[in-house]
Each structure stands twice: as C-alpha cells, then as structure tokens.
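K.L.:
Since the structure of chain A is already known, use the hints to place chain B on it.
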Amino acid sequence: MRKAQENGAQEAEAYAVSNKEAEVFIENNDLKQSKSDKTDAVGIRVFLNKALGFSSVNTFQRKYVEQAVLKAIKLAKISPADKFNSMPDIANISNSESRTSNANNGQKLDGIYDKNAETVSPSEVINMAADMLDSATSFDERVSVDSGNFASSVISHVLLNSNGVSAKEMITLFNWSIMGMAIDGPETSNFDFQFGGTHYVKGINVRSTAREFAQTVVNSLRPQKVDSFKGQALLNPSAINEIIQEVIAYSINSQIVQKESSQFGGKIGESVSSDLLTLEDDATNIDGLAASSFDREGIPHRRNVIIEKGILKTYIYNTYTSNKDDKYTTGNAGGSAKHPPSVSTTNMIVKADVSDIHELIKGITQGILINRFSGNVNPVNGDFSGVVKGGQYIKNGEIQYPVKELMMAGNVFAALKNIIGVSKETKIMSDAILPYIAFDNISFTAG
Amino acid sequence: MAADSSYIFDDLKSLISKGKGATYVEARYQSRVTNEIAFSNGELERIRNAVNSGCGIRVLVDGCWGFSGTSNVSKSALQESLVDAISAAKALAFTKKNKVKGLAESRLAKGLFKTKVNGDLDSIDIEQKVKITKDSEEQARKYSSTIKSASCLYHEILDHKIILNTDGSEVELFDSKPEFNVISVAREGVKSSSASEGVGVTGGWDDLFYSRDHLDYATQASHKAVKLLYAKHVIGERTNVILDPGMVGLISHEAIGHMVEADFVLSGSAVKDMIGKRVASELVNLVDSGSGIASGRSRRGSNSSNSKSISSNNSTHSSSYTNMPDAAGTIQVDDEGVLAGETVIVKNGILSSFLHNRETAYLFDTAPTGNARAFEYNDEPLIRMRNTFIESGNDKVDEMISETKHGYLIKGARNGQADANGEFMFGFQEIYAIEKGEVRDLMQGASVSGNAFDVLKSVDMVGLDFDFDIGTGYCGKFQPAKVDGGGPHIRCTAIVGGLQ
Numbered sequence: 001m002r003k004a005q006e007n008g009a010q011e012a013e014a015y016a017v018s019n020k021e022a023e024v025f026i027e028n029n030d031l032k033q034s035k036s037d038k039t040d041a042v043g044i045r046v047f048l049n050k051a052l053g054f055s056s057v058n059t060f061q062r063k064y065v066e067q068a069v070l071k072a073i074k075l076a077k078i079s080p081a082d083k084f085n086s087m088p089d090i091a092n093i094s095n096s097e098s099r100t101s102n103a104n105n106g107q108k109l110d111g112i113y114d115k116n117a118e119t120v121s122p123s124e125v126i127n128m129a130a131d132m133l134d135s136a137t138s139f140d141e142r143v144s145v146d147s148g149n150f151a152s153s154v155i156s157h158v159l160l161n162s163n164g165v166s167a168k169e170m171i172t173l174f175n176w177s178i179m180g181m182a183i184d185g186p187e188t189s190n191f192d193f194q195f196g197g198t199h200y201v202k203g204i205n206v207r208s209t210a211r212e213f214a215q216t217v218v219n220s221l222r223p224q225k226v227d228s229f230k231g232q233a234l235l236n237p238s239a240i241n242e243i244i245q246e247v248i249a250y251s252i253n254s255q256i257v258q259k260e261s262s263q264f265g266g267k268i269g270e271s272v273s274s275d276l277l278t279l280e281d282d283a284t285n286i287d288g289l290a291a292s293s294f295d296r297e298g299i300p301h302r303r304n305v306i307i308e309k310g311i312l313k314t315y316i317y318n319t320y321t322s323n324k325d326d327k328y329t330t331g332n333a334g335g336s337a338k339h340p341p342s343v344s345t346t347n348m349i350v351k352a353d354v355s356d357i358h359e360l361i362k363g364i365t366q367g368i369l370i371n372r373f374s375g376n377v378n379p380v381n382g383d384f385s386g387v388v389k390g391g392q393y394i395k396n397g398e399i400q401y402p403v404k405e406l407m408m409a410g411n412v413f414a415a416l417k418n419i420i421g422v423s424k425e426t427k428i429m430s431d432a433i434l435p436y437i438a439f440d441n442i443s444f445t446a447g
Numbered sequence: 001m002a003a004d005s006s007y008i009f010d011d012l013k014s015l016i017s018k019g020k021g022a023t024y025v026e027a028r029y030q031s032r033v034t035n036e037i038a039f040s041n042g043e044l045e046r047i048r049n050a051v052n053s054g055c056g057i058r059v060l061v062d063g064c065w066g067f068s069g070t071s072n073v074s075k076s077a078l079q080e081s082l083v084d085a086i087s088a089a090k091a092l093a094f095t096k097k098n099k100v101k102g103l104a105e106s107r108l109a110k111g112l113f114k115t116k117v118n119g120d121l122d123s124i125d126i127e128q129k130v131k132i133t134k135d136s137e138e139q140a141r142k143y144s145s146t147i148k149s150a151s152c153l154y155h156e157i158l159d160h161k162i163i164l165n166t167d168g169s170e171v172e173l174f175d176s177k178p179e180f181n182v183i184s185v186a187r188e189g190v191k192s193s194s195a196s197e198g199v200g201v202t203g204g205w206d207d208l209f210y211s212r213d214h215l216d217y218a219t220q221a222s223h224k225a226v227k228l229l230y231a232k233h234v235i236g237e238r239t240n241v242i243l244d245p246g247m248v249g250l251i252s253h254e255a256i257g258h259m260v261e262a263d264f265v266l267s268g269s270a271v272k273d274m275i276g277k278r279v280a281s282e283l284v285n286l287v288d289s290g291s292g293i294a295s296g297r298s299r300r301g302s303n304s305s306n307s308k309s310i311s312s313n314n315s316t317h318s319s320s321y322t323n324m325p326d327a328a329g330t331i332q333v334d335d336e337g338v339l340a341g342e343t344v345i346v347k348n349g350i351l352s353s354f355l356h357n358r359e360t361a362y363l364f365d366t367a368p369t370g371n372a373r374a375f376e377y378n379d380e381p382l383i384r385m386r387n388t389f390i391e392s393g394n395d396k397v398d399e400m401i402s403e404t405k406h407g408y409l410i411k412g413a414r415n416g417q418a419d420a421n422g423e424f425m426f427g428f429q430e431i432y433a434i435e436k437g438e439v440r441d442l443m444q445g446a447s448v449s450g451n452a453f454d455v456l457k458s459v460d461m462v463g464l465d466f467d468f469d470i471g472t473g474y475c476g477k478f479q480p481a482k483v484d485g486g487g488p489h490i491r492c493t494a495i496v497g498g499l500q
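Chains as they are written, first to last, in my numbering: chain A, 1 to 447; chain B, 1 to 500.
So here's chain A without its partners, still in its complex pose (with noise of 0.2 Å):
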C-alpha cells in the first residue's frame, strides 16, 4: 500500500488469500487421483484521482508483489475518474455496524475453523473419498459413479487498506462431490450430482451425500412419459438453487438495480412473492459455506433480511454503490484475490416452513417432484425453460412414476406469487442453504 500511495495512489487496498488443500478425485467408480497444492493469490486495488486499477499475482513474494502495485497504478491512469470510487474507513465500519441490530461487531465468525482440521492427514482424506465412493457403489449394483470429489482446505485470508481497515481470519472447509448415474442392461437413467461441505471434521457426512446421489439415480430407472401439462412443480434445493435463487440474486444486487435490469427495482417495501417466503442472506450462519468475518472490502458480514413474508426489505451493496444510492453498505462486497470486489450474495438462506416433504407431496393434484433442472433461466425478465431431471410424476398427492422427456417452462416472478407450499427440510448448498418449495402454474411439455 505504501507503494501505492508512492506512486500517486489516494488508497490503496490489498486482499490476499492463501490455501492449503488436500484432494482426491474419483473417476469411473475408482479413486483416481491425490491431490496436495499450497496457493497464494494477492489482489492490489488502488484508487488513482478516483479512478480504478487493479492487479493480482499469485505469489507473496515482494518484488511480483511491487510488479503488480505498478501494474494497477498504470491501469488506473488510464481508466475514467469515477466519484463513486472510494474505500471504507474505519468509520464506515462502525456506522455500518451501528445500522443493524445483527451486526458482528467485527468479531471473528466462531465456528468456521476447526483445529481438528490441521490434523488430517492425506491419508484420511482418500479415506473420506473412498468411503463416499463406496457407500455409493454398495447401495445397489446398478449405480456408477462418474466423478466425484473429497476436498480439505484450511484458508488463511487478509485484508488491509491505506484508510486502516484490517482484517484477518483462519477458516477450514471440507467439500465433496459425486456425481454419476444407474445402469440397468441397455438402460442409463439421468445424471445426478449430489455436494455436500461444512467448516468442522465432525461434520462431515459423506455417507448421507451419496446415499442420496445413489437413491435419486436408481429410483430415475424405468421412467415414463407423460402427456402436456399445466400444474404444480416441487422443486428440490438443487432446483430452486439453479432457477429461484439465480434470478432472485441477480434482482437484489444494486449493480443490477442501479442499470435498471432489476425486477426488483423500485419495489423496496412491495410484496414480491408469495407471504411463505422468508430469505437472508447471511455470512454469519456458520453452517453456510459461504461463511466469513468480513467482506471483500473488509467490512463486517451481517445477517441481512432481503424478503420478509414476501415484502422486499433491501438490495445488497458494497461501498460503491452504496455510495451511488447515498446508503450504508450491507457487507455485500464479494469477490476472489484476483478480482476486485463486486457485489454479491454470501450464504442465501430461505427460511424453512413447517410443512414436511410428504405432506408437500400430498397437496398436489397434478405435479412434477423436480430434483435438478438442466436449462436456461433469463434473470431479467424471469423466464426459465429447461429439462426435468430425476422427476418424479405426482397425482392426487402420491408419486407415482419417474418421468423422462419432460421440458419445463415458466417465469420465476410469476412463481414467487404462485408458492404453496416451503418444507421444514433444507440443505446445505455452497452458496445457499434451501428448502423444498411447490409452485402452482407451471408449464410441462412432453417429448
């Protein structure tokens, strides 16, 4: 920073990112390779006469470190002066703090490293994989695994500004994967791809991930076609992670609404969905695995409300736009060492209701039970179409086949009004943590 501000820079800021990790890959129903990789990553900003410039390197070595500190001052001496660019200060921090009753007083998030991390061996991590693997392979005879993962990381992230914002933590995250398919004789059924991750070694459960991978797989053998039809649609986390959150993510985040691309805009304080959802977005869940003390810019991560029983509470922002919108910042600045902060959701929480997946299931006449959704969704304007994958066809309130062939369509802000029913069950995503949720009017259409 001191360089920075040498060579012209009014602020400057550093974010830097180092990661240990320990992985094995599993490939064609084996494990296929083991993994050990230590890296760093340093992103310079720096603020020239109110315009940006930005550089990252991957190693903490000084001199790449000043090469790349020249790098952002020569970008920033070339890019257009903006009055929106600026840096927090240590005021911004506790006026932001002061804003909400949920903030976290900069303290460092409890729970998001385990020191039981630092002790797992190489060893212990392809046991982990082996075990996914296997308990997958074992459920039936018919189930192959494609792919699949077991990832440990114990990351150490910093970040310091010439206004004298700092801040440091440790956090430890395990991650896996698997993904695959059932064979039965000439017959493949659909891909399935379950995850799973948590920030403690007591939490890891890579027996529930595959059990789940292996029944959705199987249970998608033999299935039917149906004709065309208009009706209700029970979406899984993964599927509402894929069309839901997408486009409500998109629609809160200033940047978009500030262009005018937002659905959402001008709509703070209006209902925008259904009164059965409730959603945060918030980094301090420590069971999300987005979780972390402070954002890109280093300001504090707070729980923040965006819909409450279906009225719209607020955007999310970082500094620049909160400057733009003349607000406080929600702590929304998001981003990699090797970018500069933008704005965006952490951990996107909806909240469970108290409806079990059963008694979901009984209150649909002519339904689709969706557990992934191949296809595209627009997040402007809101409409999704794409293939049902691993449906499961519902009438009357049973299921009563899985389906093949089937394209769904729709609008997702349509959707949101038309919500009947949020499960008291959720999962945990990398980005988000979900429920099942039914919706009413949606088009299937038979191949």
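Be careful, since some hints might not be right.
[Said to hold, decoys possible] DMTMM-like cross-link-like pairs, simulated, lysine to aspartate or glutamate; straight-line CA separation at most 20 Å:
no., chain 1, residue 1, chain 2, residue 2
1, A, 50, B, 45
2, B, 131, B, 43
3, A, 324, A, 260
4, B, 75, A, 40
5, A, 77, B, 125
6, B, 272, A, 141
7, B, 131, B, 237
8, A, 77, B, 167
9, B, 97, A, 141
10, A, 313, A, 359
11, B, 114, B, 206
12, B, 18, B, 167
These aren't lab readings, by the way, just hints derived from the structure by calculation. All values derive from a computational prediction rather than experimental measurement.
P.N.:
Using the frame of chain A, we list chain B on its own:
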C-alpha cells in the same frame, strides 16, 4: 513465478529425472496473464490484470496418480513439490482398485509452438482496449430509447507453457485467446428482454475483429434485444428445427462431444458399445479438432480438409494458409504433451472414435487424440473438447427453409448441458416460426432438448455454409476450458421447450 524460459526448461528437465519411485513424471510450467475490461451503462465496471504462474507436477507411482502445484519455481520448491506429488500418489496405493497399467506412447510432441497471431495483444495499447470496450457499450446503449442498459466485456488470456515428461515430450508453447461480448437489455413497462453478440478466437487483435467491427456487435445485440421485447413465447412441441452454425456447434458439443469423452465412456456413457454403429444420419460427419479455421471447412470454399499441418522436431509452427482467425478452442499440443490433431468422431453417421488422454488411449489400444487439457498450472489434465463441429454438406440454406412446412429456425446459442443417457439441452436467443416454407415472426428464446441419437439420426438436410460461433465463455467439467464449435445450418427434429 514468470521465469526465464531457458532456466526453467533446464530445471524442469533435471527435475523430472529425479522422481524416485515414480514410473512417470510430468512437469507443466504455465504462466498465464489475464486482462479484462468491462463497461456498463457508461461506467467502468471492472478493469483487471491477473498473473497466475507456476508449475504443476503429476506423477504415476505404482499405477496411482499424484499431483502437486507450486507457484515458486525455484529448484528447491520444484523438488519439494515433486516429493509431495509422489507421496500423494503413494498414499493412494492401498485404496485405488484399478491401477494405471500404461500410457499410450504415440504422438508425443517436441518443439516450439506459437499461436498464429495477427495483431499481437501485448503490443496493443491498453488505452485502445479500454476505448473500444467503452465505445461499444455506448453504441449498444444509445441504439434506442428502449435499451435501458448495456454492457461490454473485453477479456484476453495469454499463456506461456513448458511441458516436459519422462516419455519424451518437450514442448514450449505460446497461446493467445481474446474474446469480446456485448449484452443489451431492453425494457418497456413490465416487459424486458436481453440479447448478446460476441466473438472469441485463438489469435490476436486483428483476428478478433476480422469478420466484424466491434461496434457491429453492439448494434446487433441491441437490435435483437429490441426485437425480442414484444416477441411472443413459443408453444412447446416436438418438431422440425433448422439450427444455425452456433446451435450446430452447441449440439455437437453437448449431444455427442461429452458422451464420447473416454473417461465418461468408461463409467457408462450411452455410446460405450457403439463404435462402428450408427448414431446419426449418414449426412452427419462430426469432428473434434485442435485447429479450426472456418474458411477451410465450407463446401463453398476451395478446401474442406484440415488446413493446418502440425510440425514437430524443434521447428516453429506457423500457418501460411490464410489470415482467417482460428477458433477459440484451438490448441496445437495438449497438456500431456501430445500433438492435437483432428479426430473424426462420426463418419457418415457411424461412430468412429472416442476422445482420449494417454491413459484411456492405452486402455482402448489406440492413439491418444490430444484432448488432455488443464486450465491453470495447478489443475491436472482432463479429457476436454477443443473445436467440435459438423462438416458442411450440400444443401442451400434457402432451400432448407422453403422445404419446411412447419417448424422453427433457431439462432443465437446460449449455454447447454449433456446427460448420461444421451439427453441433452441447450438454450437459444431467437426462434422464428417457419410455416409453408416461409420464415414468420420472431419469438422469445427458450430451450431445445432431445435424445442425441434420435436428433442426429433425424438430420435430413446439411447446409453448404460453415461458421464457428460458440467461442465466448467456457465449458465446465471441474475446471473451465476454452472451446468452440460450429458447422453449417442443419435441419433435424427436436423438442422445443415452451409454454403450455
């Protein structure tokens, strides 16, 4: 970090000979510089330069793979990384069931390979890159008052790699992949729509803007967005569709390409027993190639065969064939040090080959096809596609339309996905109804799906034209990869997903 070539070459050569207990050692040094400029609504949204450089070391010990990456390329750090990779591999020995028995030996490359570049990206001033991005965004936004927002992205990847292995590959290569994309959003009342136009190539500045000016992308994106604003939604049905070259590239990539990646074949893809069997109509010839120059492939052009020859044995590769840009998925040597040639996947409708890395080629007793690709230095090579396309045929596009009683003309490829059972899906921006041989109104984009074999067997017309058009963005499979795809217009039967 970014190092002097000759030192690093010697250090790596000495390193790979020191793999105690390893039957195979591969060292891949890669220094990547990424530059990006994004303008949106008149403001600079992002400008960044990123350097990511280091060495990825992969070893085989008792038939098990180990991998370790290091950003520090000093002799001691490299040695430490080699030791880590070997112990990682050893740790797998008890649990890995099927050990790697061998790696295919042929087509290992030696020499210096440089991407053909017109307008070296390093020599273009950053100010110029900023200016064209800014000007394009402004052009898009000012197209009409209905356009409420526009954004323009310029992105370039510059690679320097040195790949050595104990089986004799010794390669140094330089690659350059720029891309440019404009997105326009139209809005009026409650209605909104968006459209994009872009290009991605392997080459330099003049290659990127070879066929169209940067402002033209902006105008076209906005023109489409405005047209789509009031377009109706299509009703879903299974019917005749005529796909544009970008869509054909996407179908080649999603419907067949992923299914024939040998790692997926081994775990049970639907094509596993189908070499020599019919998977498509006899009009379909489908190829995955390390090179991709559009002009050489059109039947209207003078030469429809592979226009590049890859030289080896310490000579510099260059092409004197044409100034046309190379497609975005072009590579000359893959990340295992294997020459990347041209693989005919489907010939006259018959499945002819899978896509291999050295391990799967050995298992299938065939030559490696140069498909092993890694994204960053600390990624291990995986089987990925390059430029995947259908060869052009004999039908005039006008006749394809006039001979269609009812169906759709589909344009503007968006993303797509492949499934284990041969089901695929892809999205598109524009769809036009065709009734009684005439193109009717534009309708809103949606998605197309079907079973790969059914759709490709239903191909009954293949156009004379050719283009590559999916060069922006990335393919994902644990790691990103720059790919491209294309072909002529084709007519087939598929399910168009729409409203009921």
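K.L.:
Quick one: which hint numbers does this structure break? Sort them smallest to largest.
P.N.:
Checked against the structure, the hints that fail are numbers 7, 8, 10, while the rest are satisfied.
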